[in-house]
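Residue numbers (the working numbering), protein chains in the order written: chain A, 1 to 294; chain B, 1 to 342; chain C, 1 to 515.
Keep in mind that the hints are not guaranteed to be accurate.
Claimed, not checked - Here are a few chain A residues that sit away from chain B, every Cβ distance over 10 Å (derived from the structure):
no.	residue
1	Tyr18
2	Lys65
3	Arg93
4	Glu183
5	Thr242
As the list claims (entries may be wrong) - Here are the simulated lysine to aspartate or glutamate pairs, DMTMM-like style, with alpha carbons at most 20 Å apart:
no.	chain 1	residue 1	chain 2	residue 2
6	C	Lys207	C	Asp420
7	C	Lys174	C	Asp193
8	A	Lys25	B	Asp129
9	B	Lys84	C	Asp332
10	B	Lys7	A	Asp258
11	C	Lys280	C	Glu343
12	A	Lys65	C	Asp303
13	C	Lys339	C	Asp350
14	C	Lys120	B	Asp125
15	C	Lys339	C	Asp284
16	C	Lys191	B	Asp175
17	C	Lys137	C	Asp86
18	C	Lys353	C	Asp420
19	A	Lys61	C	Asp303
20	B	Lys42	C	Asp395
21	C	Lys280	C	Glu464
22	C	Lys270	C	Asp487
23	B	Lys42	C	Glu429
24	A	Lys61	C	Asp284
25	C	Lys351	C	Glu384
26	C	Lys257	A	Asp258
27	C	Lys431	C	Glu401
28	C	Lys443	C	Asp420
29	A	Lys24	B	Asp125
30	B	Lys42	C	Asp420
31	C	Lys40	B	Glu54
32	C	Lys100	C	Asp87
33	C	Lys287	C	Asp475
34	C	Lys459	C	Asp177
35	B	Lys124	A	Asp258
36	A	Lys25	B	Asp125
37	C	Lys471	C	Glu401
38	C	Lys237	C	Asp395
39	C	Lys97	C	Asp86
40	C	Lys431	B	Glu49
To be clear, the hints were calculated from the coordinates, so they are not data collected in a lab.
Just so you know, these numbers come straight off a predicted model, no measurement behind them.
The beta carbon of each residue, even a glycine, is placed where N, CA and C say it ideally should be.
Each chain, written out:
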Amino acid sequence: MAEVINAHNTPRWERLRYFIHLSKKNPLFLIGVGVVVLLVFAAVFAPWITPYPQDAKYAIKFISKLKPPSMDHFFGTDALGRDIFTRVIFGARMSIKIGVTVLAIALAIGVPLGLVAGYFGGRIDDIIMRLSDIFLAFPSLLLPLVIAAALGPSITNAMIAIAVAWFPWYVRIVRAQVLTVKEQLYVEAARSIGVSRFSILFKHVLPNSMAPVIIQASMDMGYTILTAAGLSFIGVGARPPTVEWGLMITDARAYFLDFWWTVTFPGLAIFVTVLAFNLVGDGLRDILDPKVRD
Amino acid sequence: MKKYIGKRLAFTLLVLFGVCTITFFVSRVIPGDPASMWAGPKHTQEQLEAARRELGLDRPLLVQYLDYMGNLLMGDLGVSIRTKQPVLEEVGRRYAATFELVTVSILIALVIGVPMGVISAVRKDKAIDHASRAFSISGVAMPVFWLGLILQMTLHGNLGWFPLQGRIGSMVLIDHPINDITGFYLFDSLITGNWPAFFSSIKYMALPALTMSFASLAIVTRITRSSMLEVMREDYVQTATAYGVSRRTILYKYALKNALIPTITIIGLAYGLMLGGSVLVESIFDWPGLGSYIVLSITRNDFPGIVGSTLVFATTYLTINLIVDLIYFFVDPRIKHPGSKG
Amino acid sequence: MKKSILILVLVLALALPGAVLTAGAADRNTFVFASYGDVKDWDPAIAFSLEVFMLRQVYEGLTVYNTPGEKPLILPGLATSWTTSDDGLTWTFNLRKGVKFHDGEPFNAAAVKYVIDRNKKLGKGAAFIWAAVKEVKVVDDHTVQFLLKYPAPIDIIASAQYCAWMYSPKAGEKGTDWFMQGNAIGTGPYKVDKWDKSQQTVLSAFKGYWGGWMDNNFKRVILKVVTEESTQVQMLKSGEADAASLIPIDSIPGLKKDPAVAMLTPPSWKNYMYLINVKKFPTDNLKIRQAINYACDYQGVIDGVLNGGGSIPSGPIPATMWGHDPNLRIYDFNLEKAKKLVEESGIAKDKLKITIAYIGTSQVYSNVAQMLQANLAQIGITVELLPGPWGTIWDKAKNLETAPNMQSMAWWPTYPTPSDWLIGLWRTEDKTLFNLSHYSNPKYDKLVDDGAAAEGLDKARAIELYSKAQKILVDDAVAVFYADVNDQAGMRADIGGFIYNPSYNIARIYDLYRK
């Protein structure tokens, strides 16, 4: 079934058709995709769909500070009088940027290392795995936290910190998959014919190892955004005037009990976004790897 | 078996050494001068230089590193630059607070999550299953610090049920002090019969534990459900049903036991999640634990504090994982557990 | 499974009534103070921060600075009277009789000498306030003399909230490490009962206090560690705390409306400013500095950020401090003037980039910085904001290579004198400490040095010299002085006896009572 999608010799368009067919059977996956599409739309068209686009940068209007939600301001205003609805929409830009950047870096480092470790084995494998183990010994937020603090507060540094702390996960995943694929018949066949090792690596092993990576990456989109928000919350992530959801929450932390809307809506935005990516990741797993399906 | 444990321990020590080294050098890169912190908020130039000498910061970094590692091997984690107290004592005290909170949170996750997962699997596709699936998917998507603030707002602000912060009531701490045996308030007060302290601790732990356990609760529910479903499809279960063995017996004797195996693995993951989450949750609730300690250490360039707490965090995490692996080993030698892990 | 549910229900059933039973609020005779941090430096010779919350209850100094406006300027404390010689180099203090330390030791001249000598020898914290003292002489048991190197107002210095507390010599002998275990031996009305680290410090009434006890005095004080500002506000509202130490600026209007809370925002000796780096491009250009001064929305800060809790400054010295010159103010909020000055500076548009550093966790600093960033954008200056913890940004600012163009700063005196600002912030420093404007002007240096020397003898002359010095600062636009900040004193409405005093960060709880 899903072997059709993974199989090496089914024509591409047929694989896509089958993929779409399976997707339709999975409503949660479609909802997730829908929300993600909405998110990207909001991010791209933010300046045009928001009522106060200037509030995303330099506008300060003390006169309208800390107003509760109303028809003028759907999500109310913050301590500098800026429209929270607008800033939440603009925050989507930053969140997508964070997710994509972190994953790009993590994959760029992790996938090659995983390939090398898994395919060549031996000494190289040992070294790479030991190093990964050291990184993975830090419980979740800790390593990004210390690295981000060392680099200095900025959303860019936070992204680097998270990517550096997370790439070992991908090393592991890719390596595990490579170990399985390595034993497959067609790889052995190619080897016996005399195809070069690197050719096998890139043409056969890599494409067939990507499924779990794709699944993990789509789940991680959400976790990246969560982690970045957490770092901003502590103060080692985004700083003003960057519009980032975690930063919005921590800015309002001191007085949120009196002004509930300042914290509720940015948090909801994070929640909905992460949920959407989780649904997508879940759905992908169902479709691409039926052994784990319910 | 012994060889395996021996190998794992040696390996763990190696990894911890790596963790220490990385943390030491990274925390020294954090912008800011620790001598400045030590000398005080409004110090003079002479005080600054004196502080630098006192802390040994005028020596080359490598020397400082070797000195630190040497002391570490003898159990001396140095003195906190932020509080001027010995790090070992502080970390030990705060660690008890965090470990207690995390363990209670794990218990909540298990005590509520496992039954919920089982019910959900047994009543698959009914309303309760949908509800619990919705919950488990959203549980992990929730930003834990936001959840903490929301709970504070609703359960304290609007309803007034739970206290806002702290580990125990102020007056209780004065009138019914807890004997410091393990550092775990619940345990210590329980075994000394200190009921006011016991109940006060539970009350103060409610919101932080609820916040911490949320994501793990979701995961436990979900894993229990899916592994129950796998097991229930297995041949031997089908056979037993065909033979007329009662549903309840099947549930408890066969299905649940095997379904719990992946749940045990999740405990390791959950501990890691929560230890990391403590960094966010403890500050909100003024929980005097290691999570808030490391945040304070990081924001005040307290590198002994940073390395000390990271070491303890990593050790805990690795130890838990080792224990989980061992349990797995014992629980699962002969049984072919269904499917592959996700 | 049913069993686990049963256990859960059982635990809850036990916990809930227990929870209700132990709803233990503090009794009427206990004062609960929400402190934003735990006590760090227990040694009174070293403490220089929020330890004062504890120090002021447990220790006493020779004198007490009276509420500004009241007479006399200085009140007796452990000293009942004092005189000074004509040349101002000898101060003689007559000490109160019959005072004992918490450990039973008598308070006498020998104790005073011990404390001052030890504080000077340790040289930590605020020890610099005793810099003028050459020798402390014990005349007799209750008379002590300070022999000075140069004239200095020892009566004022002795009232300082740091490094001037009298502690038992026996305790001093045990050393800093002993203090650091949570010990304190003073003469004050309260003694330390216990220190639950990171949670609270408990003080109780010292029966042998020389001031005596009345029925309505507070017999116990709890200094509770509450690091979250929002929590402090809630505790104040609910009565769980009788006073709070860190109330977010935006919660203050709400608290003022709350009948159960007495939220005061009295004028203080604190002011906020941006120190402009005069050695770093492009703020090394006078016109740019002046432009920045014109781009600050001063009224907006007072109304919009501080919610009315402050006033527009007249210069470097807050209006509440002697020596301030009310005629100094020259910069107002005028974007047109600012734009013109930027053009006159002749600097290319794309080179007009500056950095502003501030303490990231402060809402006020953050909001003012963002306001300034928005306004400067309008006159063509791009601002990069650099928030961070104090330790980090101070370090960077001290070094010219890493210093920002503008450094957010709050300043208040260790004891009331304009020289604290004028010398502390702008006098030439070989190795930069607080002169984060990196300003060096020999003419200015001479004025403030002479002023400080004159303070002890001829206040009028000191004021005159200080005025000249301040004018130089304002003309050179070394800083943006944007607010004389009001202090915040949030207390339960049923607490009586509180009179705000800017010299001390906390009241003497002994003076308070519950109505």
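Exercise. List in ascending order the numbers of the hints, as given earlier, that are violated by the structure.
Key: Numbers 6, 9, 10, 14, 18, 21, 24, 32, 34, 35, 37, 38, 39, in rising order.
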